[in-house]
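*Asks:* Chain residues, written in single-letter form:
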Amino acid sequence: MHSFSSKYLRLSILLPGLLVLLISDILLGSVHIPLRDTLSILTGGESEVKAWSYIIYNIRIPKALTAVLAGAALSVSGLQMQTLFRNPLASPSELGISAGAALGTGFLIFAGGAAGSIVNLHRLGIGTSWLLALSASLGAALVFSVLLVISRFVRDHVVLLIVGLLLGTLTLSLTTIWQYYSKPEQLQAFISWTFGSLGGVSGHQLTVLASVSITGILVSFSLSKTLNALLLGEQNAATLGISIQKARTFILINTCILTGTVTAFCGPIGFIGMAVPHLTRSLLNTSNHLVLLPACCLTGAMLLLACDIIAQLPGSGFVLPINVATSLVGAPIVIWIILKMNNLRNSF
Amino acid sequence: MTLTTHELSIGYAGKSGHVSVAAGINLSLSPGKLTALLGRNGSGKSTLIRTLAGLQKPVAGSAMVEGRDVREWDSQDLSRKMAVVLQEQLRNPNLTVYELVALGRTPYTNWLGTLSKEDNDQVLGSIRKAGIPELSGRGTHLLSDGERQKAMFARALAQETPLILLDEPTAHLDILSRIELIRILRLTAHTESKSVLFSTHDLELALQMSDQLWLFDGRGALLTGTPEDLVLQGHISRLYSQPGEWGFDIATGEIVAPAPSPLKKAVGLSGEGPEYFWTRKALIRTGYTIAGHDGAGCSVRIEKSGQSVRWIVSENSNEQIAGNIAEMLAYLETGFND
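Chains as they are written, first to last, in our numbering: chain A, 1 to 348; chain B, 349 to 686.
By construction, these hints were calculated from the structure, which means they are not laboratory data.
Every residue, glycine too, gets a C-beta built ideally from N, C-alpha and C.
There may be inaccurate statements among the hints.
[To be verified] Within a straight-line C-alpha distance of at most 25 Å, the following computed DSS-like cross-link-like pairs (lysine-lysine) qualify:
(1) B/LYS629 <-> B/LYS613
(2) B/LYS429 <-> B/LYS465
(3) B/LYS405 <-> A/LYS246
(4) B/LYS477 <-> B/LYS405
(5) B/LYS465 <-> B/LYS477
(6) B/LYS629 <-> B/LYS652
(7) A/LYS246 <-> B/LYS429
(8) A/LYS7 <-> B/LYS465
(9) B/LYS405 <-> B/LYS363
[As the list claims (entries may be wrong)] Away from chain B, derived, C-beta distances all over 12 Å, residues of chain A:
(10) LEU18
(11) SER30
(12) ASN58
(13) VAL154
(14) VAL159
(15) SER173
(16) THR239
(17) ILE244
(18) THR249
(19) LEU328
(20) ALA331
(21) ILE338
Next up, chain B with everything else stripped away, as it sits in the complex (with noise of 0.2 Å):
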């Protein structure tokens, strides 16, 4: 266990006393694993990692690397322990992706901070684990965001610590960007038993990758444990959901916003593969209701042959033949009453 908590409660400095956003968190990060961080905005995710970096004050409790606090560990001795990418927007033109890894090298350089070949090669290793070799010379202004957040990953695998903490590594990036980027951090957590944190809005990503959830239950707490426990234990859903609104979905793992209302028909639905996923999707969006394929009066049946997918709908023995869904939904709607 390199990092752990003792009954840490982390806040800030208000104008009357402190203020603490979460209390009695008791917790650990074990090497080789991925954890990832999630609660809702102003749950405290930041102050967390801060107070974990040793760059804030915990209201009361201790967080500790390697059982000491990291409150008395010398600055360049804990800088070899832990690793942190804070949410900072960096756009040096005079700064290069090269340089920028570079400087994760400073807690092992001389006093002028000079690179021994040593550290060249690890700089050049990291740029190359965080998947951007052809960026080592670029400026870090003319990076994209998703770029960026992985030369700052390539820093904090450049100073060689056994922990890695990021704060919000995947805020504005897109998709493609962010699991690229999670893809990364899972891969350095599981082959070289590094213990990585990243806190995260991204609850879906966070589920399907991470090997730990730690969840700010939103009244001060912090719950930890594999996603699948954290899902069965009703907390995702309790917690991503806004009642009448929208909600988790403990049966598919996804965000879903309930079907408008009033609700209309149910409708039998036969047929398989992803066409059958995807049509069962769109009928629960627009409202439909399934039942079982001849529990219905009107019902829609998926027939493949070869490339070509054709939907046949149906009610009171009459027949229509759409070629895709929207066509398919345009029946249901119109009936068949011309």
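Chain A on its own, in the form it takes in the complex (with noise of 0.2 Å):
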């Protein structure tokens, strides 16, 4: 197509913002580290204090890692969601498959607390680890077979959106019933999950945070097909010889893992999953899906780390909880999404 090339290159243009905010991650914490020192412990360099060196390569790289996976996985999942619901508002946290999701590692915490096991999340093994991640992508899969169902009878965006916050909402009441018969230590665990963090996630949790999105996004490329043609609505794709169960099913459990994974070691993060498949469309005016997901996972990225940033508070020695960076930058962006919604009704 004669525009697909010249989208890939205003795409290739994301590249270096996404470097110099990589970058900017590293060097913003609440420790000061010099620019030149930072750069050349990432060099392999030496550096003046040994401390420095650590808190790079066992704080900061995975934090700002985990900003990258988990801000493109996010962003996969709202973009996927949106074009099966054809609804710009859909996405994970929105329509309560992160709420799913808590419930899911609500779930391990207090049930397999109570054995002792599980109650601080920054320590798991490799196998406790993805059977987090496991637990919470099927507390997602469970809201999301729900919303499925009700889709069907909602027409209207807004009212699905409505639905969709309720059912978070009856999802995360059913986690606070939970939360009555649990020890003071898992309750302690648990709400600070709830804020949300990109810290700490490191070692065996990375691992299995890197492989599950990195294949939920490969497998979301290879949906990109299916995805163009849902653009037409079901039906007319049913008719271009797109089987619409196979589509809803591999979109539901592609969604669900990706979404299940980044909740279960960040929390759940609001906004990315909206606001991104919006910010790219605009920026690249197209919705071919094979520019869009890349586009996505670029921005997706570039978006969570600048959170991460704002977070930091630079300077100032104060970190506030990730999800609150999120909501401060995400919210105004949706707001603008619903205030367009009279262009936006007709598009999906």
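Join the two chains, each given in its own frame, into one complex according to the hints.
*Replies:* Below you can see the structure in the form of structure tokens.
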């Protein structure tokens, strides 16, 4: 397609941006490490203070990588959901999928914690890391399945959003009931998890997060033909030879695994999944998923890195929960989307 | 015969079992013909098209493409035999006409959906055949209703199928766009020997331009035939009429409202050409009956000389000359008793 390569060209402009944000994210933190030392540590050199090297390799790089992976994974989830539901307001956090993942995570913390094994989420072995990801994904799939059934009866975008928010509330209240019967240290572990954090995902968890995110994103690329056909609506896509049942199942599973795993390790992170696909569409002016999917990965990674930098409150020594930062950045974008709804209402 | 049905009953699943809207449908679509599907609202036009497309289960019987039940076809194989344009309003600001039409290549592209040179040629060719080459780069949200329908038809053309079904492509279109679209459909059917089926409310255009009519008779059966046969058999005038209010005039092929009652006097009319035709229409519309030109006490004579036309209204050897139909009607109305 004639405009195709120019879209990829515009896409590649994002790469230096990603690099700048990645380095800034590694550079900034509660401990001040000068730029020159940071760069020399990153390029394998020595630094003045031994601790700096430790901080960068064991805290900041894993955190930045987590931001990149989680940002990309959540954005791809959001894009898949928006196309499947043909709804500009669809996204994992707003339609209760993240809440489902929270239910799955809570299940493991409270039930597993009863056996005394999973109180500190950040010291999990490889087996329990996979278990946590699986449990969260199943929780997400539970809510997603209910949503798919309900969406057949709901034509209006905003109504589906409200239904999703209610489903999320319902799911969270189930988790809350559970909290009554839990020990204080489990409760603390769960509450601090709900704030969301990109830090502390390292070692085994990072391995699991990376393998799931990268696999899920590759699967979504392989779905791009199906997703493009779905732009015309399910019925029209069916007449183009797309198996709708198969498409739904694949998108459901892929979205739930991506969202579930990210949520399991980073907590529920709001707004990224809804905002990034819109930013990307208006940036590249395309609906073609072959372009949108890689673009969402880049934009999502960049936005979550930016949120992480904001969360550091550079120069202050305080760190905000990542959820607060994504809300500060994401909520205005979502309001802007809703204000634009007059144009958007018919565009899916 | 690419598409046939056998004792097909169509309908939907209601609260108490299946509700059938039409039954015992046996028909076939032949290549190279444009077929129009007519019927009043709710008669089952969309249901029939969706059932033929395999998107909906028949209540009984079967719809077959090349002798095989549509619901047994592999969906990708079927999409190379039959293209369907449903009534769905697409307004995506990030999707151009070219990209929309390119989606018609879905059944042929590789797993990523990238377009080969042949695919691109097909897309351009389809856009040209649909008569919208200048719109290729435009966003689908900027199209008029007529342009959007042509773009959707181009998408169906890009699918390179022997069968094309369209559900009410002329809805919401103005008269010129309707004629233009149906002309393109007919041209496609005739020049590429495809079977093209479209449902419509547009009786007069369907009678004029389609090779074949499928007509829901309002009692759960589907009548088929050439437009003229269905007219002469009286089916059209029976279905398209409201006794005493309006109806299909078998003599002119138009839907006409009867004259206002009570009827006015008989008027003799003489003249020729389009002026005669439209003067006659004006008189009937306003409630006069037409008598032979000397069979009535009152008469209108149309005189043409070069570009100018005069209507001479005469009654009891009084004459008035009118310069247009409005004046003529005014003289007839007021009579000559001033």
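*Asks:* Hint by hint, work out which the structure violates, then give me just those numbers in ascending order.
*Replies:* 4, 16 and 17
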